[in-house]
Every structure is written in C-alpha cells, then in structure tokens.
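Colleague: Take the sequences, apply the hints, and build the full model.
These protein sequence lines map, in sequence, to chains A and B. Using the numbering used here, read the first sequence as starting at 1 and increasing by one per residue. Using the numbering used here, read the second sequence as starting at 1 and increasing by one per residue.
Everything labelled a hint here was simulated from the structure, so no lab data went into it. Do not take every clue at face value.
Below, a sample of chain B positions facing chain A; criterion: calculated Cβ distance under 10 Å [as the list claims (entries may be wrong)]:
| # | residue |
| --- | --- |
| 1 | 72 |
| 2 | 76 |
| 3 | 170 |
To give a feel for the contact side, a few chain A residues facing chain B, derived at Cβ under 8 Å [as the list claims (entries may be wrong)]:
| # | residue |
| --- | --- |
| 4 | 90 |
| 5 | 102 |
| 6 | 190 |
| 7 | 194 |
| 8 | 214 |
| 9 | 222 |
Keep in mind the model is a prediction, meaning the values are calculated, not measured. The beta-carbon is built from N, C-alpha and C at its ideal position, and this holds for glycine as well.
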Amino acid sequence: MSNLLAQIKDSATLMCTSIDDPTVYPSCFAGKGDMTYLQWMIHGWGWTLLVALVALVIALALGLVIGVMRTLPNKWAVLFGEAWTEVFRNVPVLVQLFIWANVLPELFPALKQVSYAALACIGLGLFTSARVAQQVKAGIGTIPKGQRYAGLAMGLTLAQTYRYVLLPVGLRVVLPTLTSESMNIIKNSSVAYAISVTELIWTAIQAGEQASAHSTMYFVASVFYVISALTINRLSVLIERRTRFAGAMGGK
Amino acid sequence: MALDLDFSFLTPDIVKHNLVPAFEYSLQLTVVAAVCGTALGTLIALMRLSSQAWLQRIATIYVDLLRSIPLVMVILWFFLLIPSSFYAFIGGSFGEAHRPELAAVITFTFFEAAYYSEIMRAGIQSVSRGQTFAGYAVGMTYAQCMRLIVLPQAFRNMLPVLLTQTIVLFQDTSLVYAIGAYDWLKGFQTVGQLYNRPSEMYLLAAVCYFVVSFSLSMLVRRLQAKIQIIR
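Modeller: So, in structure tokens, the structure goes:
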C-alpha cells in the first residue's frame, strides 16, 4: 500500500518536472522557455481537441450536403451520396489517414505544403461526414412524405421546401445523435498519431519514452480523454433537452 | 497528376506469403473478439440489468470507462500492463514470439465487450417483461428464464446490430498498428516498404478493406430484411 502511494507521489512529481532537465516546478507550470510534462500533455490534449473540432466542422458541413443529396428526387444525386457514404464508411480510418498523408501528396503536389495535422482534419472530417450523412438522411426520413408534397403543392421550390419545411424538423431530430458523433470524433482523432500529429496519444508515447514512465503518461492521457467525454456527455444531455419537440417524449 | 501506379511487382508469391496470412490474422482477431466479446458483453448487460446495485455499478463503470477512451489508448494500455510471463503461459514459445498479436486478441475482447454489452442490453430490454413473468410463473429460475426465453430472442432481435458492430470491429483491427502486430494493414505496409511502392499498397489496402466490409454489410442488410419478415 505504501509502495503504491510512493509510486503515485513519484508520478505526480514527474508531471511537474521539466522535460529538458531535472528541475521540479512546485506549481507544475514552467515559465517561458521551459515546459513540464504536464504542460506537454496539455499541449497534446489541445491538439486532440483542435483536430477534432476542425474535423467536426468539415464533417457536419459535408455530411449535411451529402445527407440531403441522398434524399433528393434525382437518381444521380442519390447515387453519388450513397457511393460517398459507402466509400468513407467501409475503409478503416487509419488507412484513410495513411492515404491522405502518403498517397495524395504524390498525386497533388500542392498537398505537400499542407501539414499532417491539416490532412488529419480533412481525412477525419470526410470519414465522419459519411456517418453524419447517414443520420441526416435518417432524420429527413422520419418526416412524413406528405409534408414534402404539401410544400411542393403550395408552390415552394424544392430548395424552399428543404429550407423551410424539411430541414428545420429533420435537423432537430438528428441533433442529439450528432453529439455522440462529436464524442466519436475525439476518440477517432487519436488515430492521427500514426501520421505524427502531436496529439494526446502521440505526446503520451513520446513523453513516456523520454521519462521512461509509460504508465504515468498513459494514465494522464486517459484522464484527459475521460474528462473530454464527460463534458460532451453533459452537453449532449443539455442539447437533447433543448431540442425536444413539444408533445414528443419528455418535451414541453 | 504525378502518380503512376505500378503493380507489376506484386507476384502471387508475395500475396501468398505476406498478404494472405496477414488477412487470416485480422479475420481470426475479428472472429475471436466478436465471439468472446459478445459472450462477455452479454454477461455485462445482465449485470447492468440485475437488481443488485453493486453489480450494476461495476458494469456501468466498466462500460462508460471503455467507451470514453479511444481504442488506440486501450490497446497501448493492455500491451503495457499484460505481464510478459502471461504470453508464455497461454501460448508457450508461440506466445512468446507473438506478443502483440496475442495482446490484441485480449484487448479487443475486453474493449468490444463494452460495445456489445450496450447492444445486448437493448436486446434484452426489447423482450417484453411479460415473457419473463410468464417464465417465473411456470416455475423457471432466473437463469432458465434468461437462457431459454429472453436471451435467444434478444440475440435474434439484435443480430443485425451485432454483425454491423462486428464489421466496425473488423475495420478497427487495423489499429493494432499501435503495437506492431502483423495484421492485414501491416502486411500491405510491409510489402510496400519492401518494394518501395507504398502508394500502390495503401490504395490496394483501401480497396481490399472496402470490398470485405462492403460485401459483409450487404449480407447484413439482406439478413435484416429476412429477419424482419419472420417477426
């Protein structure tokens, strides 16, 4: 027992130690020009959240477009949407990121100027867009067909029907499921370590090597992931409550 | 467009020696993790639905914890924490030589159990309570009720979801990259490095994973349609 306590104390001390020399900072935060292990890990956490956030924006925008395309009365639009969804859903995200980092820059030399972090955002965004599209399609599918016909019969154009009739309801239905997608994207962003994006997993491995203390760094990284998940979980409960329809289960 | 693809180096011999065994490993990993993960997951689901508060709490913590940590992190944890003597214990000298591969099987079983348990929980809850009560009324014990009445129906109702999750699992096996296990993706990478043709091999990997996952999901879709008619 006292052994375990001593180990915990050692780990805590390590986190407050500079990554370059054995200086221990009592506040755990070094000033300018130096960095403690804790700061290094927080830096990695920041990258994780940044990559996830940018990817989420890409995924939502693209997923919305592709999801709507799959519900349009146009054969080609539907086919394109389905093909998009199947391709990005059936190839492992790690393979997709390797292709973004290693293959596409050969194909488009302009991509060689782009950082791996940006490529990871795009890759992760496209991967997730397929799943968002799936949910947007399902959300629009829950609306009775009559509403679409009513809109068109009133003389609204197709675009207006989507804008004023279908999307306001459909998106409200899918919003709660989209929050679980944002939790997935944080978890999936960990795969970006494989193309050397300096996110949380990458930092934990590097810091673990440097300090010969893998378990300490893994533990800190896991705690950061759990905190992220809990935060999103709270947010999703809040969003779910706010977007419930009157008359629907639990709605006012 | 500076990419000229050249697959001429890819002889049947390379496919046989590098890619097929790698594919077999990924498949084995998927099947073992799916079967053991479903079994463990069902147990966890029963714990979550039990009337014992402490069982519920343990199961909830297990599921919530594993579901909030990325798979890569979990793989790294298990590889770090499984003592090296364990590999020799369960696999002899074979186990010693295949540590990452064995660690991956153990990790995926425990990790996927958390996801399968959520599916099984929904499955068990989809069976109406009246059936359990009917079972008790004719004198069945809890275990008999579950084994003979509830679980068979839960499995059948959830089969498409369980299989869909297994396809996700198959894609996720590529993440054993983190500990260097020789899976399908690693096979492609190794050949790519060996013949200095990484682009070709990554694209081929994408196509191969796509073909397998897509055909499996088509099969699941068919099965789903069939099951819906029975119900």
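Colleague: Could you check the structure against the hints above and give me the numbers of any it violates, in ascending order?
Modeller: none
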